[in-house]
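A.B. asks: Here are the chains, one letter per residue:
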Amino acid sequence: MTEYILLAISCIFVNNIMLTQNLGSCPFLGTSKSMDTAVGMSMAVIFVLVMAGITTWVVEAAILKPMDLQFLRTVAFILIIASLVQFVEMFLKKSMPSLYAGLGIFLPLITTNCAVMGVCLININEEYTFLQALISSFCYATGFGLALVLFAGVRERVILARVPRPLRDTSIGLITAGFIALAFFGFKGMG
Amino acid sequence: MTDSTKLIVSHAPFYRDACTVMKRSYLIMAAALVALIPGWFLFGAPAVGVSALAVASSIFWELTANTLMKQQPTIGDGNAAMIGLILSMLLPATAPWWMVITGTFVAIIMSKIAFGGIGGNPFCPPALSAAVLTVSWPHLMNFNGMLVNYDMAWSMVDPLINVKFFGAETASLYPPLELLFGHQAGGIGAVCGAGLILGGIFLMIRGISSWEICLSFLGGVFVAAFLFNMSNPDLYAGPVFHLLTGYTLVGAFFLATEDSSSPVNLIPMLIYGFGGGMLTVLIRNKGVWVDGVLFAVLLMNLANPILDMIRPKALGKV
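From first to last, the protein sequence lines are chains A and B.
Just so you know, our numbering puts 175 at position 175 of the first sequence, and the rest follows in order with no gaps.
Just so you know, our numbering puts 48 at position 48 of the second sequence, and the rest follows in order with no gaps.
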């Protein structure tokens, strides 16, 4: 039990997928301008990542490994992630059109979100069991969502501040993201 | 200022008071001096040098930025000097000159001017700058370096390093009364607990530091340290030790209460302070860092916009 709790803490805080491993920075900068899209994006990433984490683990264990087809791993995983994103997109378009419009191009871009692919590959490389892979996928996604929501909160305020013109928008966003990563350095060594 | 913005929406806090930025800065500096002067006496001329250089270079960076951006100079409000002075409280007396100047560059240019000056910074500038220095030059921000340079009548080993690596029984080397009067290794303005408490009480009475944040921060440290101490007294030092060592008191009175990076309503302020205190002890006991105050303050600064969403109900709203 302790092992799983430590894995969760490590995935959310210590090895945060965005702030420590630098994966998934395009949606991090792209969808953080308002809190609503940030929360929506976090939910979408959590859903996609958990589903993708489970599916890819099963595909790896049941098909690729027994048949010695590991060289197809990248292609197979891309296919799985892309179809999951397509599903989320259709669901959001029907049920939450405003969020769909807010997320815009970044929703189909989850397909190419390196965080999703990265976590699926981490699960395989670390040779996690099914339960561990499930926890790690969920917690990495939660960590991404946490970072995104905190960043959106800070960014909503920075937009109101009188930032010098050369630094406006993405530049100050990147500076803020760097400082947030610095704050997350505090968790180093835990878990 | 060459800015086309017609309507300016300023940041929290929105207190209405006759107090100006200048008056606030000077009062905070007066409170900081109460803790700094004993530090200067303990560590001698190099400590005075670090403080003087920090204040001077802060003013220099702010003036440079004002000139480059063709603004009215804003150094008159004393905010830059105040940030420099508070940063120097966190530095060891042995800090080299280039480190002090780099520190004030991060504090003034990167964490204040880049975010649009006073009131725009989402992080507390001195805490951010000290964290950058801690991560960049851990061997220079290490208070055990003072061991070589100072021969005092008391142990000059950083109490937090002692407790972290040699177990909690070493905490008995540091009686609380000695810690209160600055008999320890630490930042120039962070060693003298009595001075910090006096300065802090002054700030709380004048309403410059909100007492809710200060007291809940100290409460958070106390409760977390007490729980850790209860779970394993051999490994984790007691609450009084954690309250009087490291940056705890500076953090509670000067860093966590920084105006634009702390919440304004009662419940968010209590959560903010308490969370900061808990995180401090958590990082000290579990993380790799010797002192967790800087990171705890930054993490709570980060949570501040979210915490501020807990608002009191508007009058007349059903």
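If you are wondering where the hints come from, they were derived from the structure by calculation, not from laboratory data.
Possibly wrong hints are sitting among the right ones.
Covered, in the sense of this in silico footprint (three residues per stretch, anywhere, with C-beta under 8 Å from a C-beta of chain A), are these stretches of chain B [unchecked claim]:
hint, segment
1, 185–196
2, 218–228
3, 275–289
4, 292–298
5, 301–307
Anything over 10 Å on all C-beta distances counts as not near chain B; from chain A, calculated [as the list claims (entries may be wrong)]:
hint, residue
6, Gly30
7, Ala61
8, Phe71
9, Gly102
10, Thr111
11, Leu131
12, Glu156
13, Leu167
14, Ile175
15, Ala183
16, Lys188
17, Gly189
For lysine-lysine, the following BS3-like pairs were computed, each having C-alpha atoms within a straight-line distance of at most 27 Å [said to hold, decoys possible]:
hint, chain 1, residue 1, chain 2, residue 2
18, B, Lys286, A, Lys188
19, B, Lys23, A, Lys33
20, B, Lys286, B, Lys317
21, B, Lys70, B, Lys6
Note that the Cβ used here is the ideal one computed from N, Cα and C, for glycine as well.
A.B. asks: If a hint holds in the structure, say so; if it does not, say that too.
C.D. replies: Structure-based check of each hint:
1. Under a criterion of three residues with beta carbons nearer than 8 Å to beta carbons of chain A, the stated coverage of the segment 185–196 of chain B fails, only 0 such residues being counted.
2. Requiring three or more residues with a Cβ within less than 8 Å of a Cβ of chain A, the coverage given for the segment 218–228 of chain B is violated, as only 0 such residues are present.
3. Only residues whose C-beta sits within less than 8 Å of a C-beta in chain A count toward coverage, and the segment 275–289 of chain B has 7 of them, enough to reach three; the restraint holds.
4. Taking a C-beta to C-beta cut-off of 8 Å, the segment 292–298 of chain B contributes 5 residues in contact with chain A, enough for the three needed, and the coverage statement holds.
5. With a threshold of 8 Å between beta carbons, the proposed coverage of the segment 301–307 of chain B by chain A holds, since 6 of its residues qualify and at least three are required.
6. Under the 10 Å C-beta cut-off, the non-interface status given to Gly30 (chain A) relative to chain B holds; the minimum distance is some 19 Å.
7. Separation of Ala61 (chain A) from chain B is adequate, the least Cβ-Cβ distance of about 34 Å exceeding the 10 Å criterion.
8. Distance check on Phe71 (chain A): its Cβ is at least 39 Å (rounded) from any Cβ of chain B, clearing the 10 Å threshold; non-interface status holds.
9. With a least beta-carbon separation of about 19 Å from chain B, Gly102 (chain A) lies farther than 10 Å from that chain, consistent with its non-interface assignment.
10. With 10 Å as the threshold on Cβ separation, the claim that Thr111 (chain A) sits away from chain B holds: the shortest Cβ distance comes to roughly 29 Å.
11. Residue-level check passed: Leu131 (chain A) sits 25 Å from the nearest beta carbon of chain B, beyond 10 Å.
12. Its beta-carbon lying about 7 Å from the closest one in chain B, Glu156 (chain A) breaks the requirement of being farther than 10 Å from that chain.
13. Not every beta carbon of chain B lies more than 10 Å from that of Leu167 (chain A), the smallest distance being close to 6 Å; the non-interface claim is violated.
14. Against chain B, the non-interface label of Ile175 (chain A) is violated: not every CB pair exceeds 10 Å, the least being about 6 Å.
15. With a least CB separation of 4 Å from chain B, Ala183 (chain A) falls inside the 10 Å interface cut-off, contrary to its annotation.
16. With 10 Å as the threshold on Cβ separation, the claim that Lys188 (chain A) sits away from chain B is violated: the shortest Cβ distance comes to roughly 5 Å.
17. Here Gly189 (chain A) does not stay apart from chain B, with its beta-carbon only about 3 Å from theirs, under the 10 Å limit.
18. Note on Lys286 (chain B) and Lys188 (chain A): the hinted pairing holds, with a Cα-Cα distance of about 9 Å set against a maximum of 27 Å.
19. Using a Cα cut-off of 27 Å, the hinted pair Lys23 (chain B) and Lys33 (chain A) is violated, with the two alpha carbons roughly 35 Å apart.
20. Proximity of Lys286 (chain B) to Lys317 (chain B) is assessed by CA-CA distance (about 46 Å); at most 27 Å being required, the pair is judged violated.
21. Proximity of Lys70 (chain B) to Lys6 (chain B) is assessed by CA-CA distance (about 19 Å); at most 27 Å being required, the pair is judged to hold.
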